[in-house]
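Using the hints provided, position chain Z relative to the given structure of chain D.
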Amino acid sequence: MNVNAIADLFIAFFIIIGAFLSLVTAFGVIRLPDVYTRNHAASKSATLGVMSILIGTFLYFYLIEGHFNSRIILGIAFILVTSPVAGHLISRAAYNSGVELWEKSVQDDLKLSKQTAKKES
Amino acid sequence: MKINDVILQTATKLVLFVIILFSIHLFFAGHYYPGGGFIGGLMTAAAIVLLLLAFDLKTVAKILPFDFKKVTAIGLLFAVGTGAGALLFDAPFLTHAFTDAYLPLLGKTSLHTAVLFDIGVYLVVIGVTLTIIQTIGESE
Numbered sequence: 001m002n003v004n005a006i007a008d009l010f011i012a013f014f015i016i017i018g019a020f021l022s023l024v025t026a027f028g029v030i031r032l033p034d035v036y037t038r039n040h041a042a043s044k045s046a047t048l049g050v051m052s053i054l055i056g057t058f059l060y061f062y063l064i065e066g067h068f069n070s071r072i073i074l075g076i077a078f079i080l081v082t083s084p085v086a087g088h089l090i091s092r093a094a095y096n097s098g099v100e101l102w103e104k105s106v107q108d109d110l111k112l113s114k115q116t117a118k119k120e121s
Numbered sequence: 122m123k124i125n126d127v128i129l130q131t132a133t134k135l136v137l138f139v140i141i142l143f144s145i146h147l148f149f150a151g152h153y154y155p156g157g158g159f160i161g162g163l164m165t166a167a168a169i170v171l172l173l174l175a176f177d178l179k180t181v182a183k184i185l186p187f188d189f190k191k192v193t194a195i196g197l198l199f200a201v202g203t204g205a206g207a208l209l210f211d212a213p214f215l216t217h218a219f220t221d222a223y224l225p226l227l228g229k230t231s232l233h234t235a236v237l238f239d240i241g242v243y244l245v246v247i248g249v250t251l252t253i254i255q256t257i258g259e260s261e
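In order, the protein sequences belong to chains D and Z. Residue numbers are given in the numbering used here: position 27 of the first sequence equals residue 27, and the series is strictly consecutive. Take the position in the second sequence, starting the count at 1, then add 121; the result is the number in the numbering used here.
The following block holds chain D by itself, in its conformation from the complex (with noise of 0.2 Å):
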C-alpha cells in the first residue's frame, strides 16, 4: 500500500462518518419526540458530523492536492464553538416561551431551581 492509497483510506473514513452522522442528525430531528431531544441530537450530532467531513476535505486538499488550506481548520474550531452555543440559544428560548417537555420525561430541575429562587427573593 503507497502512501496516497493510506491517504485516499483517511479520506474517506472522515467523510463517511461525517455522511453518517448527519444522517442519524436527521433521524433523531425526525423521530424524538419534544424540542428538547430534538435539539439535543442536532447540535450534537451535527456538529460532530460536519466537522468529519471538514477534516476529510482538508486531508483532501493537503494529503492529495498538497494544498494547506487553513480557512478549512478555522472552520472547524469556529463550528465547535458556535453551534453548541446556538444549540443552548435555541433550547433556552424554548423553555422561556414555556414549550412543555416531553409527557413521560421524569425530572424538571430548572423548574425547581425557579421556584427556590422565587421563595428567596
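Any given hint could be a false lead.
Computed footprint of chain Z on chain D; a stretch qualifies when at least three of its residues, placed anywhere within it, have a C-beta under 8 Å from a C-beta of chain Z [what the hints assert, rightly or not]:
no., segment
1, 72-78
2, 85-98
Which residues of chain Z face chain D? A partial, calculated answer using Cβ under 7 Å [claimed, not checked]:
no., residue
3, I128
4, V136
5, A222
Note that these hints are calculated values from the structure, not bench results. From the three backbone atoms N, C-alpha and C, an ideal C-beta is built for every residue, glycine too.
Leaving out everything else, chain Z in the frame of chain D:
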C-alpha cells in the same frame, strides 16, 4: 426573570475576532481569490451585528463610537478619489495603476490602486448595513 447571557457573551467575545480576521482576509484576497470589498464589508458588519445581539445598542455605540453615515461618506470619497486621482496623471477617469514593490518584511507585494477603490466599497457596505440595522433597532 433575570436574564443571564454569560454563554452567549463569552462565545461572542471569542468568535468576534475570528470573524473580523476572516473578513479582512476576504478583503485582501479579493484580487486573486474569491472575496473583495463587498463580502469583506458584509462580514465585518455581521461581526458587529453579532456584538449587537449579545450586548445592547448603547454598549456597542460605546465600543465603536463611529457615526456610520459618515463611514459611508468616507467610503464614497475613497471611491471617487481613486477615480479622480487618475485625472491628475492625464489618464481617463477610474484608470488604475499597478506595480510590484519590494517591501521590507512582506517581500514582493503587488500594489494596485484598485485596493483603494475596494476600501471605499468596504466602508460603504459597513456603513450602510449598520445604519439600517441601528435605525431599525432604535425605533420603538
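Going through the hints against the structure:
{"no.": "1", "hint": "72-78", "in the structure": "holds (count 3)"}
{"no.": "2", "hint": "85-98", "in the structure": "holds (count 4)"}
{"no.": "3", "hint": "I128", "in the structure": "holds (6 Å)"}
{"no.": "4", "hint": "V136", "in the structure": "holds (6 Å)"}
{"no.": "5", "hint": "A222", "in the structure": "violated (25 Å)"}
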